[in-house]
Amino acid sequence: MDMLRKLRGSNNEGVLALVLLGLIVAMSIANPTFFTLNTGFSILRSAIVPVVLALGVLIVVITGGIDVSFAAIAIFAGYSTVSFCLTLGFDPGLIGIFAIAIGVGAALGFVNGIVIARFNLPTLIVTLGTQGIFFGAMYTVVGASYYAELPGSMAALATSNLLDVETSSGRAYLHVLVVPVLLLCLLVAWALKRTMFGRSLYAMGGDMEAARRAGFQVKRVQVSVYMLVGALAAIAGVIHIVLSRSANPRDLVGGELDIIAAVVLGGASIFGGRGSVIGTVLGVLLVQVMKNSLLLAGVPSAWLRTAIGVLLVLGVGIQAVVARRDSRRIHVNEDLELDQTQEQKVGA
Amino acid sequence: MSPDSKTRPEASATELIALRKANDHIDSWTQRLVRRSGANRGAGRMVVALLAAIALFTVLNPRVFMSPINLQNIAIAAPEIGIIAIAMMIVMLTGGIDLSLVAIANFSAITISTLHTAVAASSPELAESLAILIVAAGVLVGMLGGMFNGFLVSVVGITPILATLATMQIYNGIAIVWTGGSTLYGAPAILGTIGQAGIANVPLLFIIFLVVAALVAVLVNRTGLGRMIQLEGANPVAAHYSAIPRRAVLMKTYAVGGLLAGFAGVLFLARNPTASADYGSSYVLLVIVIAVLGGTNPTGGFASVTGVVLATLTLQVVSSGFTAIRLSSYEYAIAQGVILIGVMILDSVSSSRTKRPRRSAAPPPPTASPVEAASLRP
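These protein sequences, in sequence, are chains W and G. The numbering used here numbers the first residue of the first sequence as 5 and each following residue consecutively. The numbering used here numbers the first residue of the second sequence as 1453 and each following residue consecutively.
Bound-form chain W, shown alone (with noise of 0.2 Å):
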């Protein structure tokens, strides 16, 4: 039995596993082309960029936020980047780009950061708000062309291929960016596992007012954290304009959803204090499967959409059932101890 809920993991990292494992199974039983390579690194491919922004959705819904203006601070900083080296005609080199853009996606973040915490809004509406208001900058300050031709450090980092493999149905290849996401996760998880400041983010998450009396300087924190979501989107954005190789500004606005998903999929909990980095990894991984093997099942790609509506209630769904069976056996438990301390007090 512990054994099994070790296996489990804390957030149902476990349960994710299985059923993706068992989603690749039955696919490449119905259809052979499936389990391949190439399958295996496209969706790799695809995944990096949902990863690198659910890490940040990750952090702040773990404090009990949530952010739904990452993807507009995402293009927001990539794009303006790519336009700010474009129109001078200077390429920074790609820590220059990187560094760019993750410090005008972390003035971004500070914005919500500091409405939020300063006054003490919901989170939801806060970002609604400067979603429209980022996005709509974007278009009005920066510009809305379309730029079919990269600064030549990312047009290079485009094609570059960390594996290239010759595989029975033709060439498959891993891109490089898989390595520095997959640190970035690294990090991000030992940041939340081993730090103060991650402790601080799971106790804001599981009660503020008493982070807040803990010692936490929980204000602070909220800043850093929107901070900390704007720069993962920034980063994200950049990849995503050198992943497509042009820079529109009409992309990634519009998939924040699927990325929000994919993190509560991944067991964090929406109302805060829980949530792992590879539960986060594992929800992004399911989403991508479930878009690539619908698609390869011949299913209509306006069903992907259904497909992950379905999914996201299903998961939810089964955690909030889960959930209550719990907190019910909690509570009984509680009220048996009150009344006992009832009856000492009546006793004595």
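In short, the hints are calculated from the structure, not lab data. As the structure is a computational prediction, the values presented were derived from the model and not from experiment. Just so you know, not all the hints are guaranteed correct.
[What the hints assert, rightly or not] Partial list, computed: chain G residues near chain W (C-beta under 10 Å):
#1 Trp1630
#2 Leu1737
#3 Leu1779
#4 Ala1785
#5 Val1790
#6 Met1796
[Said to hold, decoys possible] Some but not every residue of chain G turned toward chain W, in silico, with C-beta under 8 Å:
#7 Val1608
#8 Gly1609
#9 Leu1614
#10 Gln1621
#11 Ile1622
#12 Asn1624
#13 Ile1626
#14 Val1629
#15 Ile1740
#16 Val1744
#17 Tyr1782
#18 Gln1788
#19 Gly1789
#20 Ser1800
In this text, a Cβ means the ideal position worked out from N, Cα and C, and glycines have one as well.
Assemble the complex: chain W is given as a structure, and chain G must be docked to it using the hints.
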């Protein structure tokens, strides 16, 4: 009578006194007016905002903005958004949110259009005579969509934002598959007639909007269900101990929300006899902005239908005013965000200012006995 006019020393000039009296008079008159309409300060604030917006754009471009066609356009565009915003308001009253309302409205419009086209293919006269039934079917579909949301929220226990996020995807996805992603043409002719009709230059659609708003105001403020919805949102724990049937109340709330959204779908068709899966996708943010602007507390318990109606008009005025002074829809998106956050900051600042003195004036009641305190714990 404003309280601080009495404490201030009287000015010697008689005209000043007269002015102040007139001012107080207007003040109390507007206050009474606002209070009589069953509204809270959301409505009062929106009257000011609406007048300010109208004045601003009249000054900036009077020829275009004040033209009868522009004003009529505002009155015709407002109802569909306004009714979805009212639906959002009802759901927000319980402390929830419904992101699927626009998808439901489209679903309803698509249902009506498909049914009409199918019946009209065999006999156009039959389709016209069945128009009311067809429209009712669309509204019913909307209500069913709302009930499914209600089921997920109240019975399964999913957080409203996630439940409706998922159903938004589901309804929208089904609508895309159903229509094949294209726009459907065709709607009962009677809807078009209603869309074009007007009474004394006021579009009929706008009158319908006001009637629906009045009905919802009665539902919220004058019925048992409305009271229970408010109490559920104001304090779920207290509502639970007051034997308010949480599940039934939430179920009915989301059903009413879906019903209103379905009705908004009918108005989509009345304005323009086409239906598509992604019509009005920008409305999702807009209706939340309107609901919050209109004095709806996103954490539940407090809302004003009058405020929401006025907020709808204000945003329509701002939208058409932006067009009149040739600003793009992106600048309008910025304005929406700025208005939303600005109003919330204003609310938070003013509420913390009014709360603080009260808190210091009334010391907390003597601590309850341990037994009582323990039994109060949920």
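Now the hints, each set against the structure:
{"no.": "1", "hint": "Trp1630", "in the structure": "holds (9 Å)"}
{"no.": "2", "hint": "Leu1737", "in the structure": "holds (5 Å)"}
{"no.": "3", "hint": "Leu1779", "in the structure": "holds (9 Å)"}
{"no.": "4", "hint": "Ala1785", "in the structure": "holds (4 Å)"}
{"no.": "5", "hint": "Val1790", "in the structure": "holds (6 Å)"}
{"no.": "6", "hint": "Met1796", "in the structure": "holds (5 Å)"}
{"no.": "7", "hint": "Val1608", "in the structure": "holds (5 Å)"}
{"no.": "8", "hint": "Gly1609", "in the structure": "holds (4 Å)"}
{"no.": "9", "hint": "Leu1614", "in the structure": "holds (5 Å)"}
{"no.": "10", "hint": "Gln1621", "in the structure": "holds (3 Å)"}
{"no.": "11", "hint": "Ile1622", "in the structure": "holds (4 Å)"}
{"no.": "12", "hint": "Asn1624", "in the structure": "holds (6 Å)"}
{"no.": "13", "hint": "Ile1626", "in the structure": "holds (6 Å)"}
{"no.": "14", "hint": "Val1629", "in the structure": "holds (5 Å)"}
{"no.": "15", "hint": "Ile1740", "in the structure": "holds (6 Å)"}
{"no.": "16", "hint": "Val1744", "in the structure": "holds (6 Å)"}
{"no.": "17", "hint": "Tyr1782", "in the structure": "holds (4 Å)"}
{"no.": "18", "hint": "Gln1788", "in the structure": "holds (5 Å)"}
{"no.": "19", "hint": "Gly1789", "in the structure": "holds (4 Å)"}
{"no.": "20", "hint": "Ser1800", "in the structure": "holds (4 Å)"}
Figure legend: structure checked against the earlier numbered hints; every hint is met.
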